[in-house]
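S.K.: These protein sequence lines are chains H, P and A, in that order. Read in order, the letters of the first sequence correspond to residues 1093 to 1598 in my numbering. Read in order, the letters of the second sequence correspond to residues 2 to 170 in my numbering. Read in order, the letters of the third sequence correspond to residues 24 to 361 in my numbering.
None of these hints come from the bench; they were simulated from the model. From the three backbone atoms N, C-alpha and C, an ideal C-beta is built for every residue, glycine too. Be aware that one or more of the hints could be misleading.
To be verified - Computed footprint of chain A on chain H, listed as stretches where at least three residues anywhere in the stretch have a Cβ under 8 Å from a Cβ of chain A:
| id | stretch |
| --- | --- |
| 1 | 1220-1234 |
| 2 | 1271-1279 |
| 3 | 1289-1296 |
| 4 | 1427-1436 |
| 5 | 1442-1453 |
| 6 | 1546-1554 |
Claimed, not checked - A few chain P residues that face chain H, going by a derived Cβ cut-off under 10 Å, partial list only:
| id | residue |
| --- | --- |
| 7 | 18 |
| 8 | 30 |
| 9 | 73 |
| 10 | 96 |
| 11 | 111 |
| 12 | 114 |
| 13 | 115 |
| 14 | 166 |
Claimed, not checked - Cut-off 25 Å, straight-line C-alpha distance, at most; resulting in silico cross-link-like pairs (DSS-like, lysine-lysine):
| id | chain 1 | residue 1 | chain 2 | residue 2 |
| --- | --- | --- | --- | --- |
| 15 | P | 38 | A | 142 |
| 16 | H | 1317 | P | 133 |
| 17 | A | 118 | P | 164 |
Residue-level listing of the chains:
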Amino acid sequence: MEFTFEFLSSLFTASLSQWYVIVPAIVIGLIIGAIPGLGPANSLIILLPFTLVLNVETAMAFMVALYCSARMGAGIPAILVNIPGTAGAAATPFDGYPMSQKGLAQRALTLSFVASALGGLIASIFSIFALPLLSRVGYYFHSVEMVVVMLFGLTLIAVVSTGNTLKGLIAGVFGLLVGAIGPDHIYSAPRATFGFLELYDGVPVVAALIGVFAISEALLMTEVKSIVTDVGKVHMATQTRWAETIIGVRMAFKRWWHIVWTSFIGLGVGVVPGAGAPIAAFVAYQQSRLFSKTPEKYGTGHPEGILAPESANNGVTSGSLIPLLTLGVPGGSTAAIMLIVIQYHGITLGPRIFLDRPEFPYGVLMAMVVTYLFMVGTILPLARYMSRVTLVPTQFLAPAIISFTLVGAFAPRMYMFDMGLALVFGVIGYIARKTGYQVSAILIGVILGPYIEQYFMRALRIAEGNPMVLFSSRIGNILWVFLVLSLVAPPLIGWYKKRKADHASL
Amino acid sequence: MKKDTETQHGRANRRGDELVLPILSLLFAIYYLYTIKDLAWEAKINGLLIGSVLILLVLIFLIKIGIEVTRHQSSLRFGELFAWGRAQASRIGLFGLAVLYVLVIPYAGYTLTTCLFLFLAMFVLGVRSPVKLIGVSLALSLTGYYLFIALLDTRFPPGPVEKLFGMLF
Amino acid sequence: MSSKDPLFTRRTFLKGTAASIALGSVSTFPFDNLFAADFPERTIDIVVPTGAGGGADRNLRAFISVWKKYLQTEFEPGFFKGAGGQVGYETYLGKREPDCYNLLYGNMGPETIMYVLQKPNYKFPGDYVYFNRCDVDPSVIWVRKDSPFQTIEELVEEGKKRTITLSCSRLPHPASIGSLSLADATGAKFNLIPYGGGNPTVVACLTGEVDASALPMANPISTKGQARVLGVFAPSNPIPDRTDNAPAVNDVFGTNIPDLPSARAFALHTEAIEKYPERYELLKSTMRKVFDDPDYKVAIEKTGRPWEFISYADEAECMEYAANMMELAKKYEPLLTA
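Pulled out of the complex, with its shape left as it was, chain H reads as follows:
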């Protein structure tokens, strides 16, 4: 295959000509992404009758656009009302919501949109040029390496617990144990299901997410008239209409390098089959804070705290398609739905397609590039209007949140049980918030717990129970060193700085 400028430009033109499906898909994706529970995979199943009748290139452009914009959409409620639309946006409220409370929702949304679009764009362009290279990542990242990658995300429990580490750890480990409800990964033996069949496949993350974040937030809202502070309201009233959007764009571009490297975290995590946006977002947030000169500002409404997870979870989008395009095996649920459409049209993915029909896999990635370009223009102007949601009095907002998110809890599996489960998690989340336990620590445990167990148990089984397997791979060992450094370095540096300052003051 000739990888020439002509080849790329013809792909780009072809993708541009699909604008008539890409733009509606972006709008649909933003809406379904913003409603908790309605992820891209569910929506693509519903839309299969439509995508199957389109020609395959158009269908792929539609699905890719919907997938990417749903990722971006999930950040919107995370910022506005502290409720991530999907687990992939679970790290976005850490800094997004505090900004909204300060009356800076428009700026926060702009930061999220620019980071999502730019992060997604960078990762997809890089994927086009490095597809053969990226297709090899899966050959080096096996269970052992993934255990260590997960641990990076897990250290966030300690990060979000600053102030009261013991309580944070209790919350995080409690989340991990909740995440371990359901079948074990070797024998599928059900554990701690309270006799509920609906828990035999584990705790549904969406119900947990909705309960811990949305329901508990709605219950807390009864204490205030508005989620924006009085100072924040004054700020919102005095700002000119587009000023906050412009400030947000400037802030994001000023931190372009941050967006670039966190999008690569997303891409890397996305390439590994089975891993996905939640892991990428948590790891990116943790890394962003680690390398920051002002780590203490994270969690208070710090711009980088929005840029990192949003850039990473959109970086995942191109990565997650790579196992599908290069091996012909979907790495996640959305890719599995795409495979149905691709196979229906008689296209066989795998290494041979790069010889027989290279314009297809590269065309899919190019459709993603075009989607991200369109997305900026579509959504950026909306930040201003969306931010007004934060001004809706809580007596309207709280009931609306409860009714909409409970539907979201029901939607993925269609079990009434999941709505009840969301209420139970709502009470847990509410108690946690009222008594100083970090709900984000609980959720990190619930989301990452099953992944880490799965990789850990596989690694152990491959090594016939020998735990030293965790130190048996070169890449794994390098990651271990980085992990230890990332845990040890910040307190050491802090201690050194303090000591230096003490000496200076003497």
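For chain H, the structure is supplied; the task is to place chains P and A on it using the hints.
M.R.: Chains P and A in isolation, oriented as in the chain H frame:
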């Protein structure tokens, strides 16, 4: 959400609220360990590790509180979590309605239940204008019907409204 | 598969109902409808005990795209994965009306093994009946194309020197039982690593995390040239030209390992069959017609599944297969459960 855990001017901190989650965690961990006791080691190693760590952390926390209580720095009385007030009453009302919502949906269908829930929940939270109460609950429930049922095909058990719309369209 | 009517959802339910009523008067199958007067008058729900987007999803969609020509109604698959199929079966048997409007589309092999090992809250045989087998997919052991192992003998030989790791979909699975039987018979050491589904199991083998893999034959075939099938747990290889002429395992080692296919089939509540025998007959007769329809072959080939795997069997044959699989599961129970 951070709470001040330091003793202020000798007045004992009320730590009862903070014990709720650890106690729940402890009970859950014990239940978890009980359910895996007869499984093969590969099926229980993860739960055993996490459960033990959780129990350990909770015990450390309890000991810490216990020491504070014996030194009269803290008390085990409940604070804000169980305090009675207007916001608490609204909260209990709102949550009760949410529970009813989940229980009634299978019988009355999504649209009707949502409309009633929104109406009552807004009333409980202090909205008194009939126009707002009726307008907002109708608008939101019909938007929900269109979005979730007509467009996104969420399969709620159909109630009278869904059946009526089904006959009309 | 007709490109105009691939599958349907509840949204089309109302339109579909109206269309069915209208079409009822001009039905092309008057004799079928004579016995089941007003059946079906609404969408038929199909419980699938695995996740959306997997092999079952693709095959089922291919089947119903043709079946709807004969039964003239809409179908709505619902995916209830979890605990090796237990969630789907318990949902079907506990929460779906036994009225012939609710069917189950399962994989008889792994799911009857699951029944024996996990002892769920229903009775089989008793509560439901498998009545229409759609395909038979033999279990195989396979490696990636550039693997050092070229033949099943080489793999077994190596297995006598060190433990060979094999990815499998789950432990209670015919392919897993086949591998354990082979290890048992030859003295090789095989370590089965469950990956919880066909796709991740394939990836684990292709990316070199494990030495080999035990799965139904359709999985390595779907990798289009990236896999080498080493041995088949069947009397003979149904598609030797697409699987590197892989031999039957019993022929190579002179063993007596039973035939271990995966076999997807429709199932129905026993109570529904007793209450509505005429509906059951209509379901059976219209399903049977699908297998002779050329559109079905086209639809199956589009899914990438070999047409050679498509093989109808009736209730008696299905239930005999399930009984055999249960016997095997009992034999290997200690190795497959926690």
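S.K.: Let me know if the C-beta of residue 73(P) comes in closer than 10 Å to any C-beta of chain H, holds or violated.
M.R.: With Cβ-Cβ at 21 Å, over 10 Å, it is violated.
S.K.: Is the hinted pair residue 1317(H) and residue 133(P) satisfied, with a Cα-Cα distance of at most 25 Å?
M.R.: Cα-Cα ~16 Å, so holds.
S.K.: Would you mind confirming whether the straight-line C-alpha gap from residue 38(P) to residue 142(A) stays at or under 25 Å?
M.R.: 18 Å, holds
S.K.: How about residue 115(P): closest beta carbon in chain H under 10 Å, or not?
M.R.: 5 Å, holds
S.K.: Can you tell me if the stretch 1220-1234 of chain H counts as covered by chain A, using C-beta to C-beta distances under 8 Å and a minimum of three residues?
M.R.: Contact hint for the stretch 1220-1234 of chain H vs chain A: holds, 3 residues under 8 Å.
S.K.: Report holds or violated for the interface hint on residue 114(P), using the least CB-CB distance to chain H and a cut-off of 10 Å.
M.R.: Hint holds; residue 114(P) Cβ to chain H Cβ min 9 Å, cut 10 Å.
S.K.: Using Cβ atoms only, decide whether residue 166(P) comes closer than 10 Å to chain H, and label the hint accordingly.
M.R.: 17 Å, violated
S.K.: May I ask you to test the interface hint for residue 96(P) with respect to chain H, counting a Cβ-Cβ separation under 10 Å as satisfied?
M.R.: 6 Å, holds
S.K.: Holds or violated: the stretch 1427-1436 of chain H covered by chain A, criterion of 3 or more residues with Cβ-Cβ distance under 8 Å?
M.R.: holds (count 6)
S.K.: Close enough to count: is the Cβ of residue 111(P) nearer than 10 Å to one in chain H?
M.R.: Holds - the Cβ of residue 111(P) comes within 10 Å of chain H, reaching about 7 Å at its closest.
S.K.: Apply the coverage criterion to the stretch 1546-1554 of chain H and chain A: a residue qualifies when its Cβ sits closer than 8 Å to a Cβ of the chain, and three qualifying residues are needed.
M.R.: Check passed, 4 qualifying residues.
S.K.: So is the stretch 1271-1279 of chain H in contact with chain A by the C-beta rule, three or more residues under 8 Å, or is the coverage claim wrong?
M.R.: holds (count 6)
Of the hints listed earlier, those the structure fails to meet are numbers 9, 14, in rising order.
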